[in-house]
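Novice: What follows is the residue order along each chain.
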Amino acid sequence: MSEIREVIIKTDKLATDKYQVNMGPQHPSTHGVLRLLVTLEGEKVLNVQPHSGYIHSGIEKMCEAISYPQIIHLTDRMDYLSAHMNNEAVALCVENALQVEVPDRVKYIRTIMDELARLASHQLWWCVFGMDLGALTTFFYGLRDREHILDIFEETCGARMTVSYSTPGGLMFDIHPNFQKRVKDFIKYFRTKLPEYDKLLSGNVILRERTEGIGHLSYKDAIDFGVTGPSGRASGFSCDVRKHNPYSAYPFVKFNEILDHRCDTLARYEVRILEMYESLNIIEQLIDNIPEGDYAVKMKGVLKLPEGEFYQRVETARGEFGVFIVSDGKKNPYRVKFRSPGFSNLFALNNMTKGHKIADLVAIMSTLDLIIPDIDR
Amino acid sequence: MKSFIEYIVSIFKGVWTLLVGMKVTAKYFFTPWNNVTQQYPENRDTLVMFDRFRGEVIMPHTENNEHLCTGCGICELNCPNGSIEIISKSIITPEGKKKRIIDQHIYHLGMCTLCNLCVKACPTGAIVMGQKFEHAVWDRALLTKVLNQPGSKIAEGVKE
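Going down the list, the protein sequences come from chains A and B. Taking my numbering, I'd label the letters of the first sequence as residues 1 to 377. Taking my numbering, I'd label the letters of the second sequence as residues 1 to 160.
Bear in mind the hints are in silico, worked out from the structure with no lab data behind them. Since the structure is predicted, the reported quantities are computational estimates derived from the model, not experimental observations. Do not take every clue at face value.
Claimed, not checked - Subject to a maximum C-alpha distance of 27 Å in a straight line, what follows is the list of computed DSS-like cross-link-like pairs (lysine-lysine):
id, chain 1, residue 1, chain 2, residue 2
1, A, Lys61, B, Lys120
2, A, Lys357, A, Lys220
3, A, Lys199, B, Lys120
4, A, Lys193, B, Lys27
5, A, Lys254, A, Lys243
Assemble the whole structure, with the sequences as input and the hints as a guide.
Specialist: This is how it looks when you write it as structure tokens:
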């Protein structure tokens, strides 16, 4: 104590020293078991070192021991908020390898489900983002609206989050007879609620003060780190796989890729809000035009991929998700690699937070929308 | 002077944005019929799950204690994590033929990820997904279940 006092007397200001703090693995605002080793000087962040692997579940290794249809249920558990897109990525990869063409009905339903999942994910992100900045109300409002989507999933897919709905060759079930009516009701309902999000949080002076100019990620850095999804698009990096490499029913719909060139936390926030409007537009274009037909192609009992390497990428709610399968002609893959968006996005964090306050670190991390099982796999 | 006026204006603008947000919360405060919360443990009697909801794997039996399972083991092959074990036994039919039938269809609910692959693969539709979701038990061993009831037999007319 006396030493500090001496320093204060000598230098006439508060003594500061570099010190390291562990944020996580059990910190509530890390959205999971993520450990950040933060080097601080006073309140200023000098360095952020993410340590991942606390819930590493070895999914890639497990995939080597099971057959292709069984991989689907593991991908649910990586990025559990984009379960539909993850399922679809594996299903598309296997279908491309076997050169199976699925009916248009399957493509339409998959796309609608993707967009519903994206909406649900962005709703959850919105409410958690508000909560990270201290606005608890948003948490309840976001979850209230998300419940409608989860009910749609539960009715058609049989589960709320771990849906396992897309399978190689089609879908697990046909859509429920109530599906179209429910989705239309939801769109009507959510179109009245989405402006409330803006009123409640987007215009809020506290949110704007805390996000404007914070966490700058330049266009070049976004590409260097491979930051994709809404976080990358907020830096002006046009990386929407739906637009550049369309799959399923995305070639049939018109939608805008939301780009923002402000590169800060507010830009990432607004890109996601605008994406929710785009998702509603996409669903509206598809929901009345689901073609008649089979919901699945008849596949063989045991799927064997031809020898070779196959890659398929899709756009999840967090960015580009890729599945890389190396097959040696057996019923199990020789090697499976998942390119998960969360992993690349996380490691841009150090670059974005340098020089900001520790409270801003929470806000910046929240706009990256990290899902920890997606990072650790 | 100009910056001072801007400063004062920004304060009022800031307060205004807060009031706009408060209007939304006040609207829900005074319209409690918009609440969507379910009183869960109290509404158990009226709570109906969706018919496709995957709560557990069950094997329906008829009143005569008959099921549709032939003990072929396809569900066991399709299960990604070994939640299903089929123990079969061989019997001698009245015609004098040897036949393998199901002895115990063991289902580990604690390991099951409810992926629906077994139900989808079952050739006779013997197992289906049940809607029960309250699975908490005091002992982990209670999560291992035998799906075919004791003394049950296969229904007549099921193709092998």
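Novice: For which of the previously enumerated hints does the structure constitute a violation, in increasing order of number?
Specialist: Number 3 - this is the single hint that the structure violates.
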